[in-house]
Amino acid sequence: QKEVEQNSGPLSVPEGAIASLNCTYSDRVSQSFFWYRQYSGKSPELIMSIYSNGDKEDGRFTAQLNKASQYVSLLIRDSQPSDSATYLCAVRGWDSNYQLIWGAGTKLIIKP
Amino acid sequence: DAGVIQSPRHEVTEMGQEVTLRCKPISGHNSLFWYRQTMMRGLELLIYFNNNVPIDDSGMPEDRFSAKMPNASFSTLKIQPSEPRDSAVYFCASSLLGGETQYFGPGTRLLVL
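If you're matching them up, the sequences are chains X and A in order. In terms of the numbering used here, the first sequence has 72 at position 72, counting the first letter as 1, and numbering is strictly consecutive. In terms of the numbering used here, the second sequence has 1042 at position 42, counting the first letter as 1, and numbering is strictly consecutive.
Quick caveat, the hints were computed from the structure, so don't treat them as lab data. Ideal placement from N, C-alpha and C gives every residue a C-beta, glycine not left out. Among the hints, erroneous ones may be present.
[Said to hold, decoys possible] Partner residues are not named here, just some residues of chain A that face chain X (Cβ under 10 Å, in silico):
# : residue
1 : 1002
2 : 1004
3 : 1041
4 : 1042
5 : 1065
[Claimed, not checked] Stretch by stretch, here's where chain A covers chain X in the computed footprint (C-beta under 8 Å, at least three residues):
# : stretch
6 : 41–53
7 : 101–108
[What the hints assert, rightly or not] Subject to a maximum C-alpha distance of 25 Å in a straight line, what follows is the list of computed DSS-like cross-link-like pairs (lysine-lysine):
#  : chain 1 : residue 1 : chain 2 : residue 2
8  : X       : 42        : A       : 1024
9  : X       : 67        : X       : 56
10 : X       : 2         : X       : 107
11 : A       : 1078      : X       : 42
12 : A       : 1068      : A       : 1024
13 : A       : 1078      : A       : 1024
Just chain A, with the same shape it has in the complex (with noise of 0.2 Å):
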């Protein structure tokens, strides 16, 4: 049974360019969840949706971060334009509805220069 899905699993990009990660959460899963990790700040919900709906976005860090759920089966968080301090780990998590165990994906490592 396949876990959650994220690609790329790297990416390395320039300031001011714009990052697209992409996630495939477990299928019958209703609420998917991105976060970011970081030395500093350890792990941190951006933002999270239920049924495709998007709940709490109070943690994405500002204007530039967008997220979207056009379906069940898929995601997308996008970085527009990157600066080097969003350099993380970004996982993204799936969990059925009212579920209290989320899986994570392998996460993607964005390197911004």
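With the rest of the complex left out, here is chain X (with noise of 0.2 Å):
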């Protein structure tokens, strides 16, 4: 059974401060990792994909990947509270034919 784990939360970080986010996954052969964002009552919607071991920068936010220790993170620096929000992990293998395989997702609350 290929699983994905994400902490539940919520995560609670002050405005400004870094907000750091986990996922392991159980299938060593993943080659995909994505990160998905979904605001209460709406869609999730892709932040951010990560395919290779290291870091990933896009603006504020910070994907990272240790194939070895199977997890990936998102960090969010400066965070505002319009990053409140339940962030979703994905992954996919390389024969899963195109299925991602999803975490519960991780609550985030930004204070001000």
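Assembling the complex is the task here: the two chains are given apart, and the hints tell you how they should meet.
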């Protein structure tokens, strides 16, 4: 059973601080990793994707991948109240025929 | 450019009734996914299609659920008969075949009384 694990939270972070969200996965041959953001009552939207070990930066967001340890993380610098949402980690293996395996999501609350 | 379109946005029905959810994927996308989201179980993949062909329906809860994709621009998810435990938000998503970004529709909020 392929699994993706996330701490459900809520994770409370003061405005302006760095929010760190973590995700672990069970399938060693996973190839692609995604972070989706979901605001309350809305649908998920892709904010970051990462495919190789190391860091990938996009504005205030940094995705980090460590395949040896089977974890992927998302850092949000200079957190804003508008970053308050649930963050879903999704993983795709090489044989999954485009199907994503989803974590349960971490609820992030940025306190002004 | 229109995104994924779902209808209805909200549905309230009584136990035992048939429910049909509809989805129009983004034009040109070859893969379509039906998800169900609840607080208890999170986001669950029910079924997905590539080029209108069902690839994996192992997530469909039971025979009461069925999905069709008669053409590249339309898909339905049907629940017959509906039960209170089917209450959830149902999302449709689409992507390019082999593409890794899934674009979600706004969802249908289903309440079965």
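Okay, the hints, checked on the actual structure:
1. 1002: violated (14 Å)
2. 1004: holds (8 Å)
3. 1041: Interface hint status for residue 1041 of chain A: holds (8 Å vs cutoff 10 Å).
4. 1042: OK, holds: residue 1042 of chain A within 10 Å of chain X, min 4 Å.
5. 1065: Because about 18 Å separates residue 1065 of chain A from the closest Cβ in chain X, which is outside the 10 Å limit, the hint is violated.
6. 41–53: holds (count 6)
7. 101–108: Coverage by chain A holds here, the residue count being 4 at a Cβ distance below 8 Å.
8. X/42 / A/1024: holds (18 Å)
9. X/67 / X/56: Given pair residue 67 of chain X, residue 56 of chain X holds - Cα atoms ~14 Å apart, limit 25 Å.
10. X/2 / X/107: holds (22 Å)
11. A/1078 / X/42: holds (22 Å)
12. A/1068 / A/1024: holds (12 Å)
13. A/1078 / A/1024: holds (15 Å)
Hints 1 and 5 from the earlier list are contradicted by this structure; the remaining hints agree with it.
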